[in-house]
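Residue numbers (the working numbering), protein chains in the order written: chain U, 1 to 264; chain B, 1001 to 1264; chain X, 2001 to 2299; chain R, 3001 to 3271; chain H, 4001 to 4271.
To be clear, the hints were calculated from the coordinates, so they are not data collected in a lab. Please note that the accuracy of each hint is not assured.
To be verified - Below 35 angstroms or equal to it, Euclidean Cα-Cα: the simulated DSBU-like pairs (lysine-lysine) are:
1. H:4016 <-> U:76
2. B:1012 <-> H:4012
3. B:1012 <-> R:3068
4. U:165 <-> H:4021
5. U:76 <-> H:4174
6. B:1076 <-> U:12
7. H:4016 <-> B:1076
8. U:68 <-> U:141
9. U:141 <-> H:4012
10. H:4016 <-> R:3068
11. H:4021 <-> B:1012
12. X:2116 <-> X:2246
What you are looking at is a predicted structure, and each value in this text was computed from that prediction instead of being measured.
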Amino acid sequence: MLRLQELTKTYKTGDQALKAINLDVPKGQVLALIGPSGAGKSTMIRCINRLVEPTSGAVMLDDTDLTKLGSGGLRKARREMGMIFQEYALVERLTVMENVLSGRLGYVGFWRSFLRRYPQSDVDEAFRLLDRVGLLHMADKRADELSGGQRQRVGICRALIQNPKLLLVDEPTASLDPKTSRQIMRLITELCQERGLAAIINIHDVALAQMFVPRVVGLRFGEIVYDGLPTGLTPDKLTEIYGEEDWEATIEKVDEDEEIEAAE
Amino acid sequence: MLRLQELTKTYKTGDQALKAINLDVPKGQVLALIGPSGAGKSTMIRCINRLVEPTSGAVMLDDTDLTKLGSGGLRKARREMGMIFQEYALVERLTVMENVLSGRLGYVGFWRSFLRRYPQSDVDEAFRLLDRVGLLHMADKRADELSGGQRQRVGICRALIQNPKLLLVDEPTASLDPKTSRQIMRLITELCQERGLAAIINIHDVALAQMFVPRVVGLRFGEIVYDGLPTGLTPDKLTEIYGEEDWEATIEKVDEDEEIEAAE
Amino acid sequence: QDCPRGDLDERFCDADGDLIADIPTDPSEQIDPDTLIFAFTPVEDPAVYKSAWSDFLDHLKAETGKDVVFFPVQNNAAQIEAMRSGRLHIAGFNTGSNPLAVNCAGFRPFTIMASKDGSFGYEMEIITYPGSGIEKVEDIKGKQLAFTSPTSNSGFKAPSAILKSDFDLLPERDFEPVYSGKHDNSILGVANKDYMAASIANSVKLRMISRDVINEDDVVTIYKSQTFPTTGYGTVYNLKPELQEKIRNAFFSFDWDGTSLEAEFSKSDEGQFLEMTYQEFWDVIRKIDAANGVSYACQ
Amino acid sequence: MPVLEQEGTQIWRRRTTGQSLVRWFGWLLGVAVFVYCWQIISASTTWFFVWDAPRIANDIWTRATPPKWDYITQLGRPIWDTLNIATLGTIIALFLAVPVAFLAARNTTPSAVFIRPVALLIIVSTRSINSLIWALLLIAIIGPGVFAGVIAIAIRSIGFCAKLLYEAIEEIDHTQVEAITATGASRWQIMAYGIVPQILPAFAGIAVFRWDINIRESTVLGLVGAGGIGLQLSASLNVLAWPQVSLILIVILIAVMISEWVSAKVRGAII
Amino acid sequence: MSHTELDDVLGKGWRKPPFVKNAMLRWALIVGFVAYLIAAFLTIEVDWGRVYEGLDRGWAFVLAFTSPDFISRWSDIWSGLLESIVMTVAASVVGILISIPIGLGAARNIAPLPIYVICRGIVAISRALQEIIVAILLVAIFGFGPLAGFLTLSFATIGFLSKLLAEDIEAMDKVQAEAIKASGARWMQWINYGVQPQVMPRLVGLSMYRIDINFRESAILGLVGAGGIGATLNTAFDRYEYDTAAAILILIIGIVMALEYLSGIIRARVQ
Ligand SMILES: Nc1ncnc2c1ncn2[C@@H]1O[C@H](COP(=O)(O)OP(=O)(O)OP(=O)(O)O)[C@@H](O)[C@H]1O
Ligand SMILES: Nc1ncnc2c1ncn2[C@@H]1O[C@H](COP(=O)(O)OP(=O)(O)OP(=O)(O)O)[C@@H](O)[C@H]1O
Ligand SMILES: [Mg+2]
Ligand SMILES: [Mg+2]
């Protein structure tokens, strides 16, 4: 359903963040994207919905090449792709409900959205989603009053109310404690299953990825170095993906066995 | 060396964050403080160096009761306690070196610090520490140009250059990926060993705590509910500490076995 | 101390009855500053650049043997307060604020500018536009009249007094008063038919006509007052008598021909300093003030 | 590199020698300019006057107190006019300033090369062209009166409001805007949902601050014949009626305090 | 309603929770404000026919500015410009230096209550006292000349800069400052390391803005006999020398625009 063809991104600073990536995501598949910091995970996700403009290559969503779209077409295409952000990226001074409804902005006109007069069907759907993630009673709280886990659940609702075909998820658990992290990952994968959504989930935590997704893609220096089952991530593979950081020598060598142990 | 006696903190809002805590930390001991969000971990650490003013009780560092100190005495006492913060809390617009040297503020006069003319011994020590954590080449970068792991290492240097007896560490790994988290934890515990420092480390991640510290204290609703070896943290104990969150019912019950599995 | 002083503030004496403060008899109260400070406010006169006075200042320096500093000032209150507190030695005060300066600040005016033939001053005019339906002053009844501001002589005090005494017209009762802020605004307002009528200083009107801001036939004069004196120049009361004499002489011995002062003021047809007394020249102004209930007490 | 090797020890300076030389030179130049300016001022000041300053201050103080309380009865209408002019003027100014600010902010302007300079020019010229000129222009167009006062105040305020607002816009959190963009929102929706909530506290602060400045902007009002409390102030000053002046000052002080209170309340509620 | 059931809310429609929770108060505020606006509008008479007629005149007025004349009054312009610059430099430097401690004192999160109250008081007074009055007082005290003008501008700077600086300090990131405190720093060191780096960009921006205000405001100094370029402009106006006025305006706008860009560059550098 989503196909990246020779997707390349070179930043103005000269950083080559993506080097001719090819990737196929079939309908309904959830995949995890792992890799060390700076590998280009965020860049890849952002190139897909063109928050970052790719340098070359194509992003095929069904049969349209997203990189070719004009601004109107891009807006339509973005509606099809829900995005969930690392630091939640909720609009902090809006209420939970407004944040969720903002996922419908691609569908309603300016004045409707400005006056907060969303169609009843949207409002119902928002309530249903909030109920699903257990935040119904928080609907009128302001986003900045929520805890991290709660905010991330609002972020999930905002992405889902778009009624997307594809979820783009950028490190959904980076600022959460382990228990909440797992709840959030579970929620995302469950919701994808319920709705038959495909998803690309950027994630730092290999153990967490292995626990929840059927396919893992490893990125390093802008290139795909692993693509397969989570169980195929052997210690060697992990070393290949994560490498040894240049400052290890000065501290102490990280015990790779330990790394893998935790990843299981 | 550090002894909390009936330490109590009630916030103006009425939240009773600490309920008559008693705790003894011998010289050179590193202990981890675990507990769910809102248990009072941060409050406890902050009561020790009086960033938060305790409501009652005593904080004995060696033989002085910190809660009784005037502002001059408090400054002297704070020099003895290095603090490492969750979100690093580096002064973002200062350079790495300035951030590290700011740990010496308790020792140098205003004009010296204002003109950045620190004694050569301080500068040497700063370089030594930066070298130790592998950031020597970054000394002149601005703090906001660093990655999370690098920032935290600068934070560690800032705390250590104070030449403290005690380290107070508030969730040092909350915003880091697992590998970096472990490197940071290892760094902290090693440095404590090298220098014979006592430390209290607030931490969310039970697995991580168990991996590195010899003593774990569990806090819940402002009370100590566990104090002992990391290996003594049985599933029951963990349930006692973390409890079940009130929103679980609406989503799905978290599989407690899984929780423990990961904690090992 | 105890002495006759008329309306003057209690720090001054007026033993000779000329209505202005006497020079203190006790030499210790007289002052002899090294630098003389001279300020001038253009309000009903044309605004001037600082450079206009430069030739005169040179002359003043030569005559008095002292340094002279000149300040063009745009606020009467500042000027009066400065003189009262001893920070100003020579000044030109405009018509309306002259009595206040005399009574509050110990100002001793002795000259005004006049044309070569000895004529001086300006008139208050009540103007309207052609076709306004106002033909004579009485027609203002029930209509609107623009004043400038309540402290202006020709813009408020004189017309108020005259309309009351000669025509029995009272603001609010007989006509609607509005305040324009400036003579220029009043004149422009009438020319633009925003105000039906306005009372103004004709010196300003002539200037605006000569600069083509309005046309001569945009406005019609329906009343012209007697002549009022313009800015009065003088010294502060407690300068040493010899110094005051020198300053006086400097004004009257100034040769205007070819100087920057002539270049500037010949436009308004002024070419000499005319000797005058406050008692005589400001008599009409004092009467108007009295009619308006204005007090000169500096409170 | 500010880290120097010297005889085996590493010396750290905040700046390299070159940088600190440049800085020292900069400071030196700055201080020299200031000292030069100060000398010009000092040269035309009679320092002797400074010594009996307390006596003069006392003279004016005794003449200004107590305030003439019953003068307040004559201030009713001027206060009402001033209030209206300031309020309406500020409202109109904000309406005009918001779009200008969006065009001027680097992160929202459609074109940094063509449109931003125009927006900046509007901001700069509305505040540079002095009141006298606006007044004359408005008298020519609208005619004298309160309406001209409102418009004059409004135009004068655009520069101030738009400038502070566009600086606030440049400081917003970009990820929130990105999140809204990613939903497929249109340009206007991105503004309404992503940017506006973030600048609302700044907006409230600016609005109230400008309102109380406008209460004091008497100069403009007198010039267009709009009356207001400024006219009373200068009239009182011109006859040296200091007790009336002190009463007017108290009224203005109250306005300032109200605005301070309102601004704290509103900002507290929005932040 | 602590417990919300999904079935209760489905199909119910949703409204944004109102800004003012208390319905009575909310309606009172809305009705009050609308009533006030209507009352305010009613006191303003607008004659649109007059405006239409006036447009021509306004246009003619604008046209009078199309031929700037730098030559004939150049020496007056130049000396005014110099005077303005001298005053601006001196007043801004002194004003900013005084404003910083007062701004620190007026920030509730770093100053103890008594100091906070005193500093807020100074700010309020500085904003309530009209420049004209301050200028007259200072003329009476120090005599005519640039000293009085310089002090007037410095005084006005306090009310502006301290207020905005204090607001910025109140919004700073608390944790960074706390970290410095935890190292046992003195108060001054804490300010220097924990607070100053955070507010520096804003302080620079506001200072630059104040410099440009002081430059333009030097017109106010016409009333203390130290007019600067503003007084030259006013004089040109009063004499209907529009071509000279246009030249002066171009100079002022150019200088302010340069300051605006400079401020942007400096802010970006300390950012
Ligand atoms: N806006 C930008 N301008 C220039 N270079 C950038 C920009 N954003 C990212 N980069 C560079 O592109 C590369 C990939 O960055 P990216 O953020 O995609 O990595 P990542 O895998 O998401 O890392 P992380 O786990 O830290 O988020 C890095 O070298 C980074 O420095
Ligand atoms: N400044 C404050 N004012 C009022 N209540 C506070 C304040 N800070 C913390 N609390 C309350 O005190 C309790 C303990 O909070 P604390 O931050 O110490 O918990 P924690 O264990 O550190 O949690 P976390 O893991 O989320 O940091 C909580 O109920 C919290 O709401
Ligand atoms: Mg990333
Ligand atoms: Mg905490």
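Hints and how they fare:
About 27 angstroms separates the Cα atoms of residue 4016 of chain H and residue 76 of chain U, which keeps this hinted pair within 35 angstroms; it holds. Between residue 1012 of chain B and residue 4012 of chain H, the direct Cα distance comes to roughly 38 angstroms. Violation of the 35 angstroms bound is thereby established for this hinted pair. Between residue 1012 of chain B and residue 3068 of chain R the CA atoms are separated by roughly 46 angstroms; this puts the pair beyond 35 angstroms, and the hint is violated. Between residue 165 of chain U and residue 4021 of chain H the CA atoms are separated by roughly 39 angstroms; this puts the pair beyond 35 angstroms, and the hint is violated.
Of the pairs offered as hints, the one joining residue 76 of chain U and residue 4174 of chain H is violated, with about 42 angstroms between alpha carbons and a cut-off of 35 angstroms exceeded. Restraint check for residue 1076 of chain B and residue 12 of chain U: the C-alpha separation of about 49 angstroms exceeds 35 angstroms, so the hint is violated. Taking the CA atoms of residue 4016 of chain H and residue 1076 of chain B, the gap is near 52 angstroms; set against the 35 angstroms cutoff, the hint is violated. In summary, the hint linking residue 68 of chain U to residue 141 of chain U is not supported, as the alpha carbons are separated by about 40 angstroms, beyond the 35 angstroms threshold.
Simply put, residue 141 of chain U and residue 4012 of chain H have alpha-carbon atoms about 18 angstroms apart, close enough for the 35 angstroms limit, and the pair holds. Of the supplied pair hints, the one linking residue 4016 of chain H and residue 3068 of chain R is violated, its CA atoms being roughly 50 angstroms apart against a limit of 35 angstroms. A threshold of 35 angstroms between alpha carbons decides the hint, and for residue 4021 of chain H with residue 1012 of chain B the separation of about 24 angstroms falls inside it, so the pair holds. Between residue 2116 of chain X and residue 2246 of chain X, the direct Cα distance comes to roughly 23 angstroms. Compliance with the 35 angstroms bound is thereby established for this hinted pair.
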